[in-house]
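Asks: Each protein sequence line maps, in turn, to chains F and C. Under the working numbering, the residue at position 66 of the first sequence is numbered 566, and the numbers go up by one with no gaps. Under the working numbering, the residue at position 149 of the second sequence is numbered 210, and the numbers go up by one with no gaps.
These are calculated hints, taken from the structure and not from any lab test. On a predicted model such as this, the values are computed, not experimentally measured, just so you know. Glycine included, C-beta positions come from ideal geometry on N, C-alpha and C. Please note that the accuracy of each hint is not assured.
Claimed, not checked - Here are some of the chain C residues that sit facing chain F, going by a computed Cβ distance under 8 Å: (1) V70; (2) S73; (3) G74; (4) D77; (5) E104; (6) L108; (7) L115; (8) P118; (9) M120; (10) E122; (11) M128; (12) S131; (13) G136; (14) R196; (15) K198.
Unchecked claim - Derived BS3-like pairs: lysine-lysine, alpha-carbon spacing no greater than 30 Å straight-line: (16) C:K114 <-> C:K135; (17) F:K658 <-> C:K198; (18) F:K658 <-> C:K135; (19) C:K198 <-> C:K135.
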Amino acid sequence: VAVEAISGEILDAGFALAVQILRDRNDAADAVQDSVQHLLGRPSSYDPRRGSLRGWFLKVVRNSCVDRIRRSKRQATVSIDDNEPIARAEQQPDMVAEENELHQQLRHELRQLAEEHREVILLRDWHDLPYSEIATVLSIPAGTVMSRLSRAREELRKRMQRYR
Amino acid sequence: MLNCESTDVLLSGYLDAELTQQDRQRVEVHLDGCELCRGKLDELSVLRSSVRKLAFPSMSEQQKETMMNSSVAKGSQRLGWLLIVFGMLVAGGFGMWKLGEALFQDPEVPNVVTLAILGLYAGFGFLLLSAGLHRLKTYGTDRYKDVEL
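Bound conformation, chain F alone:
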């Protein structure tokens, strides 16, 4: 993999995923940096026949985040409130400052979901990955993606019904 192949779009996707998992901009930047180094140091670990470079990079970023969480003994499933890092990250100048009410509610309810439910929704709907690549990123069988996503969306749907 050539350095040029790692586009800004791929870096952005990796950074967003890292923020979604780690909820901290600095940790997320470190995780992406580690992943880029992994890619440059072991280019042969990427096999184009197994999916896009973007999907593979997201897998490396996710594994890097999981490793960081394990090392720092932080709980990935801890519930977070609006004062935690992701909320602060959203207040950065480069962020869209105003979100409509629905988005605020949705963001809040996404935070309440179990980690495995939140990440499968974000990988599908925000990162727009096909099921086959989600399976690669999460290292789960392709058949599990549909059932997990179905449960996750159903839970989110029920949570969002409270705001009607």
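Based on these hints, arrange chain C on the given structure of chain F.
Replies: Just chain C now, kept in the frame of chain F:
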């Protein structure tokens, strides 16, 4: 024909166009006659669109450039160190071999010096062996060795 419960599991895949043609047709047949499931599908569709529009932090162009340059530099540094260590090991090993050969063949070198040199080589060998074994043992008990970075 599918009932609501069976359709429920497939709705997500239907929304994402990830079902087989057969399953898609079965879901469509059910949806045609079930207002409840059509409503659920609409809700899921709205949720999906909303998640797509959520904003998450991104990096500035400068930050990305710095990250890439830094990664390339670190990669080059690692390669440099690898070459240096490899060169030192080969050159050092060759030098030690030649030195030992010359000392053993020289009748003027006292036996005690020859033994000391032998001890030095053996000590170096044991240290390398011990470090290798330790590394192997650590690898065997490292719970996170499968975490691919």
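Asks: Next, verify each hint and record whether it holds.
Replies: Results for each hint:
| no. | hint | in the structure |
| --- | --- | --- |
| 1 | V70 | holds, 5 Å |
| 2 | S73 | holds, 4 Å |
| 3 | G74 | holds, 5 Å |
| 4 | D77 | holds, 7 Å |
| 5 | E104 | holds, 5 Å |
| 6 | L108 | holds, 6 Å |
| 7 | L115 | holds, 6 Å |
| 8 | P118 | holds, 5 Å |
| 9 | M120 | holds, 5 Å |
| 10 | E122 | holds, 7 Å |
| 11 | M128 | holds, 5 Å |
| 12 | S131 | holds, 7 Å |
| 13 | G136 | holds, 5 Å |
| 14 | R196 | violated, 19 Å |
| 15 | K198 | violated, 21 Å |
| 16 | C:K114 <-> C:K135 | violated, 36 Å |
| 17 | F:K658 <-> C:K198 | violated, 50 Å |
| 18 | F:K658 <-> C:K135 | violated, 48 Å |
| 19 | C:K198 <-> C:K135 | holds, 29 Å |
Of the numbered hints stated above, those contradicted by the structure are hints 14, 15, 16, 17 and 18, listed in ascending order.
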